[in-house]
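2 protein chains.
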Amino acid sequence: MINCSIFAIGNELLEGSIIDTNSAYLARFLSNLGINIKRVNLLKDNLNEIVDALRLAENDSEIIVTTGGLGPTFDDLTSCACAEAFYYDFEVNEIALNHITSMLSSRGVTIKESHKRQAMLPKGCLLFDNKVGTALGFAVKTKKGFCFSLPGIPYEMKHVFESSMLDFIKNNFKLEEVYRLDLKFKGLPESDVDDVIRNIDMPDDVECIINVSKGEIIVRLRSFNLQHLDKVKQILISKLNDNFFGTGDESLQSVLLRKLIENGLTIATAESCTGGLIAKKITDVPGSSSAFLGSIVAYSNDVKSKILHVPEDVLLNYGAVSKECAANMVDGLKKIFNCDLAISVTGIAGPDGGSEEKPVGLVYIGVLFKDAVEVKRYEFRGDREAIRERAANAALSIAIDIIK
Amino acid sequence: MINCSIFAIGNELLEGSIIDTNSAYLARFLSNLGINIKRVNLLKDNLNEIVDALRLAENDSEIIVTTGGLGPTFDDLTSCACAEAFYYDFEVNEIALNHITSMLSSRGVTIKESHKRQAMLPKGCLLFDNKVGTALGFAVKTKKGFCFSLPGIPYEMKHVFESSMLDFIKNNFKLEEVYRLDLKFKGLPESDVDDVIRNIDMPDDVECIINVSKGEIIVRLRSFNLQHLDKVKQILISKLNDNFFGTGDESLQSVLLRKLIENGLTIATAESCTGGLIAKKITDVPGSSSAFLGSIVAYSNDVKSKILHVPEDVLLNYGAVSKECAANMVDGLKKIFNCDLAISVTGIAGPDGGSEEKPVGLVYIGVLFKDAVEVKRYEFRGDREAIRERAANAALSIAIDIIK
Numbered sequence: 000m001i002n003c004s005i006f007a008i009g010n011e012l013l014e015g016s017i018i019d020t021n022s023a024y025l026a027r028f029l030s031n032l033g034i035n036i037k038r039v040n041l042l043k044d045n046l047n048e049i050v051d052a053l054r055l056a057e058n059d060s061e062i063i064v065t066t067g068g069l070g071p072t073f074d075d076l077t078s079c080a081c082a083e084a085f086y087y088d089f090e091v092n093e094i095a096l097n098h099i100t101s102m103l104s105s106r107g108v109t110i111k112e113s114h115k116r117q118a119m120l121p122k123g124c125l126l127f128d129n130k131v132g133t134a135l136g137f138a139v140k141t142k143k144g145f146c147f148s149l150p151g152i153p154y155e156m157k158h159v160f161e162s163s164m165l166d167f168i169k170n171n172f173k174l175e176e177v178y179r180l181d182l183k184f185k186g187l188p189e190s191d192v193d194d195v196i197r198n199i200d201m202p203d204d205v206e207c208i209i210n211v212s213k214g215e216i217i218v219r220l221r222s223f224n225l226q227h228l229d230k231v232k233q234i235l236i237s238k239l240n241d242n243f244f245g246t247g248d249e250s251l252q253s254v255l256l257r258k259l260i261e262n263g264l265t266i267a268t269a270e271s272c273t274g275g276l277i278a279k280k281i282t283d284v285p286g287s288s289s290a291f292l293g294s295i296v297a298y299s300n301d302v303k304s305k306i307l308h309v310p311e312d313v314l315l316n317y318g319a320v321s322k323e324c325a326a327n328m329v330d331g332l333k334k335i336f337n338c339d340l341a342i343s344v345t346g347i348a349g350p351d352g353g354s355e356e357k358p359v360g361l362v363y364i365g366v367l368f369k370d371a372v373e374v375k376r377y378e379f380r381g382d383r384e385a386i387r388e389r390a391a392n393a394a395l396s397i398a399i400d401i402i403k
Numbered sequence: 000m001i002n003c004s005i006f007a008i009g010n011e012l013l014e015g016s017i018i019d020t021n022s023a024y025l026a027r028f029l030s031n032l033g034i035n036i037k038r039v040n041l042l043k044d045n046l047n048e049i050v051d052a053l054r055l056a057e058n059d060s061e062i063i064v065t066t067g068g069l070g071p072t073f074d075d076l077t078s079c080a081c082a083e084a085f086y087y088d089f090e091v092n093e094i095a096l097n098h099i100t101s102m103l104s105s106r107g108v109t110i111k112e113s114h115k116r117q118a119m120l121p122k123g124c125l126l127f128d129n130k131v132g133t134a135l136g137f138a139v140k141t142k143k144g145f146c147f148s149l150p151g152i153p154y155e156m157k158h159v160f161e162s163s164m165l166d167f168i169k170n171n172f173k174l175e176e177v178y179r180l181d182l183k184f185k186g187l188p189e190s191d192v193d194d195v196i197r198n199i200d201m202p203d204d205v206e207c208i209i210n211v212s213k214g215e216i217i218v219r220l221r222s223f224n225l226q227h228l229d230k231v232k233q234i235l236i237s238k239l240n241d242n243f244f245g246t247g248d249e250s251l252q253s254v255l256l257r258k259l260i261e262n263g264l265t266i267a268t269a270e271s272c273t274g275g276l277i278a279k280k281i282t283d284v285p286g287s288s289s290a291f292l293g294s295i296v297a298y299s300n301d302v303k304s305k306i307l308h309v310p311e312d313v314l315l316n317y318g319a320v321s322k323e324c325a326a327n328m329v330d331g332l333k334k335i336f337n338c339d340l341a342i343s344v345t346g347i348a349g350p351d352g353g354s355e356e357k358p359v360g361l362v363y364i365g366v367l368f369k370d371a372v373e374v375k376r377y378e379f380r381g382d383r384e385a386i387r388e389r390a391a392n393a394a395l396s397i398a399i400d401i402i403k
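Chain order of the listed sequences is A and B.
Going by numbering that gives the first Met the number 0, the first residue of the first sequence is number 0, and it counts up by one from there.
Going by numbering that gives the first Met the number 0, the first residue of the second sequence is number 0, and it counts up by one from there.
These are calculated hints, taken from the structure and not from any lab test.
Take these hints with a grain of salt, some might be off.
Each pair may be met inside one copy or between any two copies, as identical chains are not told apart.
Stated by the list, open to error - Under the rule of at most 30 Å between Cα atoms (straight-line distance), these lysine-lysine pairs were calculated in the DSSO-like manner: (1) K173 - K334; (2) K213 - K258; (3) K157 - K37; (4) K142 - K173; (5) K213 - K111; (6) K334 - K143.
Put together the whole structure using the sequences plus the hints.
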């Protein structure tokens, strides 16, 4: 197996000022090509530390990938570290300089000394184009393979990697494709899934991981043998059929949208405690406009009564966080949007606003489908963010189930 | 300085299936206590690899922190690795077993063999309570200090860390508090900020990092000397006053809410391409109900005309993505919510739907404040997610500026 070391570079990463999302992205792509991710380390903007890490990785990794530290500022040291670690001269690269100059001039920025410094690269390095930013990707030959360097801004990194670097890796390394399958389940505890997996006669070459995230359980399968993978898939889905909702990159929102579009149905949401999160999730999916009409984020009671026409006495007698309010919210929604499926959420996300009777985490979710209204009551655990996330996911789950 | 090694444990991390957010959270807390984050490594669920990493870290780190691998499933190996690495017996911990049993029975789950395995911990370890999950935190003594283990689910990890482990660290290590200040700027390129910083006579003990994220620039300052920090802060704010918007944990949405509440103003949003993202961001802030009334997510043209009363001929002649539509959206919003500040966003987030005349990334943002309507035109770069994020941040920026 080809080994890979991934280094995310930047003091801000080791101080926890920003979260490294690049490494997970790269690890995922490269694992899928059958590459073993040997290490993922975060490194400071410190020349010696970067050089040491690169030299250490050179001994066991055919592929080294760095992200970050290619910008124009004083703390961007990755290019220099690559040159030093692998004994290349470090000099202004004319192609890179031209790229930076033309990219900046198209934005109306005049070139400065710091931008010229950004064009300094290891002599003779391979270049990878960046159509969306000033920092080109580059690679230098190492003992066993190559060290690739990518910009740190996630969408620039993805662009450079996907548009040329990925093909270069496929063409220059002997890779054995791994088959990979993620099965997603909702509405059951991790230990139940674990029980089922333990009792499967799992083929030796199938690797299996269980992941839990905000009410979703993901079983990740990997194997070089597609048939083995498929066999495990069939068993798992048959045993947990009611809770299975999708595979791969599918999310609750993408599955919901697919089902809506397949059935020619439309949806609208009325959100109180989730504050637009469900609408945001649905519209994360490209093409969501085919089924998603819109949302009323009814954060104040006034909006609940004025726009969604929740009767004043419902708000007075039962409160905004009640079964009755959730039911009236979907009724109002249906009248406004004339949607096939209407979903409402009202609850207490915290940290304040809870009481003994109505604790933080209490959420009512209303569903109107084919003129039938149903309201479900939940008590979610976690902080404000977790409660909002779980409430949104529960609403999406209910919507999927009802149109099944 | 006290050194710390952070290990995030889980195959899913090295396969890029989930993003490690725990390490950044811990690194941030510990850096603020003046602890040097020596390394952040992701580790597989492999007993030998975890043991090796822990033993290596023991040589240079007084504090070792692990996250993940404390669950009930077959791939949870952290407790066992801690016992092995630091030569402790590994046995069922009665307190942990009682905790797991009572936590599960309160959820109506009966205890299984896998849960009993979860109660196995290094003999004599210190325990840290977990009120929100089954996995207790624990610590064992190492050569130079302690190795702390935390659950991997972020809100459980935060809860255990903040409710008891943090105090334990403060009480058992000689720490020198670092003063830290993040200054946040909007609406200018990184190189301009870099220019200003290069020309400051920066005191030697002040560490300075520049971060760029979706239209925001964060200058992160750190020093053991509060006066030096303050001096640099004053210079930076005076030179970039128009673009400065907040410090520390303040976000565009929290600054906006603070200003709205201070001035007794209310806000509502009408969102097309951002699809609820602005409402979601505003309602991320606890207490947002004091100023945020709600949002109309007007994804379809039908909703734009029916609910927001954008005239049909505006949609016909200029299209939904137009200055005219954005202006009419805020007018409609004002009539519905009677808010002081109305913000509308309409644009093309992509990947499809762009044309030569109206490319992907084109966004109009409308603002109505004190009966004056203004519409700004933007062309954002990036993918769907980046465009939506930048559009939402631009809308929040405009709102902040207008009530200044």
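Checked hints:
no. : hint        : result
1   : K173 - K334 : neither (60 Å within a copy, 64 Å between copies)
2   : K213 - K258 : within (22 Å within a copy, 33 Å between copies)
3   : K157 - K37  : both (21 Å within a copy, 28 Å between copies)
4   : K142 - K173 : within (16 Å within a copy, 44 Å between copies)
5   : K213 - K111 : between (47 Å within a copy, 23 Å between copies)
6   : K334 - K143 : neither (66 Å within a copy, 67 Å between copies)
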